[in-house]
Amino acid sequence: MARITASVYTSHVPAIGAALDLGKTGEPYWQKVFSGYDFSRQWLRDNTPDVIFLVYNDHATAFSLEMIPTFAIGCAAEFQPADEGWGPRPVPVVKGHPELAAHIAQSVIQDDFDLTIVNRMPVDHGLTVPLSLMCGQPAAWPCPVIPFAVNVVQYPVPSGRRCYNLGRAIRKAVASYDQPLKVQIWGTGGMSHQLQGPRAGLINREWDSAFLDRLIADPADLAQMSHIEYVREAGSEGIELVMWLIARGAMSDNPPRVAHRFYHVPASNTAVGHLILENT
Amino acid sequence: MNTSKQKRVIPGTTMFDGEQARKGYALNKMCFSFNSAENRAEYLEDKEAYCDKYGLNEQQKKAALSLQVLDMLAAGGNAYYLAKLGGIFGLDMQDVGAQQTGMTKEAFKAKLVEAGK
Amino acid sequence: MALDKPYQDVPGTTIFDAEQSRLGYHLNQFCMSLMKAENRARFKANERAYLDEWLMTEEQKQAVLARDLNWCIRLGGNIYFLAKIGATDGKSFQQMAGSMTGMTEEEYRDMMIAGGRSVEGNRVVGEDGNAQAHRQPQGKAGRKEAH
Amino acid sequence: MAKIVGGINVTHVPYIGRAIANNLQQDPYWKPFFDGFPPVRQWLAKVKPDIAVVIYNDHGLNFFLDKMPTFAIGAAPEYSNADEGWGIPTLPPYQGDVDLSWHMIDSLIEEEFDIVTCQEMLVDHAFTIPLELFWPDQHPCPVRTVPICVNTVQFPLPTAARCFKFGQAIGRTIESWDSDARVVVIGTGGLSHQLDGQRAGFINKEFDLMFMEKLISDPLWVTRYSIPDLVELTGTQGVELLNWLTARGALLGEVAKVHANYHVPISNTASGLLCMEAV
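As they're listed, the protein sequences go chains A, B, C and D.
Under the working numbering, the first residue of the first sequence carries the number 1, and numbering increases by one thereafter.
Under the working numbering, the first residue of the second sequence carries the number 1, and numbering increases by one thereafter.
Under the working numbering, the first residue of the third sequence carries the number 1, and numbering increases by one thereafter.
Under the working numbering, the first residue of the fourth sequence carries the number 1, and numbering increases by one thereafter.
The hints are simulated quantities; they were obtained by calculation from the structure and are not laboratory data.
Quick reminder that beta carbons are idealized off the backbone N, C-alpha and C, glycines included.
Please note that a few of the clues may not be correct.
Unchecked claim - Going by beta-carbon spacing under 10 Å, a handful of chain D positions derived as facing chain C: (1) Trp102; (2) His103; (3) Thr117.
Unchecked claim - Derived CB-CB ranges, DEER-like: (4) D:Gln25 / C:Glu47: 54 to 62 Å; (5) A:Thr5 / D:Leu220: 36 to 44 Å; (6) D:Asp66 / C:Glu47: 27 to 35 Å; (7) D:Pro77 / A:Asp46: 50 to 58 Å; (8) D:Glu213 / A:Arg214: 48 to 56 Å; (9) C:Asp68 / D:Ile216: 55 to 63 Å; (10) B:Val113 / D:Thr223: 26 to 34 Å; (11) B:Pro11 / D:Glu206: 12 to 20 Å; (12) A:Ala139 / D:His139: 54 to 62 Å.
Make a model of the complete structure from these sequences and hints.
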């Protein structure tokens, strides 16, 4: 049986990708960001899964306003890094895992989650930056990745509770797949940041810290938080944090082992948060 | 593969699932393009070149060019999309049904009428 | 609308909801087109002519030409879409965000390094934080423009 | 608040469009089908809906297999019909109601339906033919519309139980809309048919008639069947009856039959018509 071994949480700031791609990781500004991932790169080498289920949001790349899915699962065999306006990032093609993706789709749709099934999709920084942070600059990503895109751009966006329950359904789906795969689930985006308007640049360190504590210790309670609290306290783009609840919901009910925790302000406009939780 | 184990076997019936959708992607995409009259005309001008443009594999190409519906289904085609290809040649769904069941169109129609009694 | 919109009382913040999405549909679709290198080149060669290919309002076109992102947002623009304009101009998110606060890139960068904008006073309209309307514009760049 | 005046479920075969275009309503092949509609038109003239919420499945016109939503809702000011590949004359655009669309989107996500919102959407025969049958020769169509697509094409499909719940949520959101509009809910597709494979031409009259009866008296009856069960019982395309079930869910509470018709075949399909209103 397949099982979820660990979950990884990280911000996915585009400037981090640019800094990596342009060889700026040694600059003092960026050094502070990347130092938080030294441990993680080693950890991933030591704990390479068979598949990564990567939860992220599309940033006006694969989906235009013509059609916005709440939840979209990538079932293709590969996904090309997108040109988001700066030219495509020089990173490897993302290989998918069509069989497991189709199995998860089948299982969670039966559990009343109304996924959009995607067979072709360019993937943007929301997906590739976390891979870069965790893997550096390899010639190929270390394992197949199932992209899972969540609408956190156009309201109404799904509630934290819905996301958390979706995570639980994904857990069940993975557990019913009869290949002995080790699967990691990554939740990306956040933490506090606001990119728009006169309140741009908002950061709430205290709130972020409490979010991390609650995510570890009592995610079911954290999942009850309303949209407005995310927006008010963590900025308009802080809403991306609901995606972390999908990854957390997919973990077992036992308290997880905290393998790594990191927090740093700023990377560009954003408070960078990062956690690695292992199932016990 | 895991999912195939849970698949229900219904004689003469293929469920268009993820496996079929992946297998038939290029074929169905070509059929999807036939929503436009311009593309239908282009297809008729040079069918093989058009199949190549959409990246059909040999199995799909052969099935499409011969208009054998069962072969197209085996190559991942979906009925709703294949209908657009059939439409180019003036085939309606009863022609398609008759072909798949090895009946004449008249016999196929009679079978349907019988089913309503 | 039957549902409450509790987010309207957050200062300096526009939530991209149905109303905004409807308002900004063509503006955002124009932005999306800039993901193709070929379209970026055409836009740069003649901005006005390229904008005229889209069903945008005249005001939306003016806001884009002026690169006034706050104005674009008022007209239904969403920051992730608008970012494609910045990308076309070779600007980072940080430069774009700075431009919306009236701050220079340096001022904005320094604010971020110092821990970012505080939430204190910036939670609800009517408090006294630096994102509130009565505190605008915030930086040197904005003041320059104000004259 | 808006009022749901009732619901109509009906089959949607493209072939019907050709029959209408060629005025074949009195032709012996078509008469038993077209004769079903006058009572429904009379009912519509009586209940006078302003808006039709149309629940159907797209057949490869608006959606391709690159991105296939389980549930998608239109939020456009108007919806165009387009050539679906056969070059059948297209119908003039249908007026949308963006206020109702977005109201529905807001409340459906609030109720934990993970829908896709579409601010541009082409509508195919599954949407246009029923409206053409209910309001023949009235162009533009006299009602505003909200199209809702259910994936009945690429497996996995939503379960029957999920579709019924989705329908109920649609009903609640219409009734909570602050408007005095009168809304009719339309479900299209089915009934038993199979277009592909050696089993093409499959019809199950007994099941269809039972389904139509149970839809009135006990709509949850059909939720005992899994999707593979339904394929087995009604054919690979018979699963379009999920659209009927969704529309029935939207009527909330108990309903009475206003009119029904059933006829085999139209092309490869068992055609059904069922008009219902709340009791």
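Cross-check of the supplied hints:
With 10 Å as the threshold, the beta carbon of D:Trp102 comes within range of chain C, its nearest partner Cβ sitting at about 4 Å, so the hint holds. Checking D:His103 against chain C: minimum C-beta separation of about 6 Å stays under 10 Å; hint holds. This hint holds: D:Thr117 has a C-beta 8 Å from the nearest C-beta of chain C, less than the 10 Å allowed. For D:Gln25 and C:Glu47, the hinted distance range of 54 to 62 Å is satisfied, since their beta carbons lie about 56 Å from each other.
Between A:Thr5 and D:Leu220 the beta carbons are some 40 Å apart, a value that agrees with the proposed interval 36 to 44 Å. With their beta carbons about 31 Å apart, D:Asp66 and C:Glu47 fall inside the hinted range of 27 to 35 Å. The given range of 50 to 58 Å is respected by D:Pro77 and A:Asp46, whose C-beta atoms sit roughly 56 Å from each other. In this structure the supplied range 48 to 56 Å holds for D:Glu213 paired with A:Arg214, their Cβ-Cβ distance being about 52 Å.
Separated by about 59 Å at the C-beta atoms, C:Asp68 and D:Ile216 satisfy the suggested range of 55 to 63 Å. The hinted window of 26 to 34 Å between B:Val113 and D:Thr223 holds, with their beta carbons roughly 32 Å apart. Between B:Pro11 and D:Glu206 the CB atoms are about 19 Å apart, so this pair conforms to the stated range of 12 to 20 Å. For A:Ala139 and D:His139, the Cβ-Cβ distance of about 60 Å falls inside the hinted range of 54 to 62 Å, so the restraint holds.
When each numbered hint is compared with the structure, no violation occurs for any of them.
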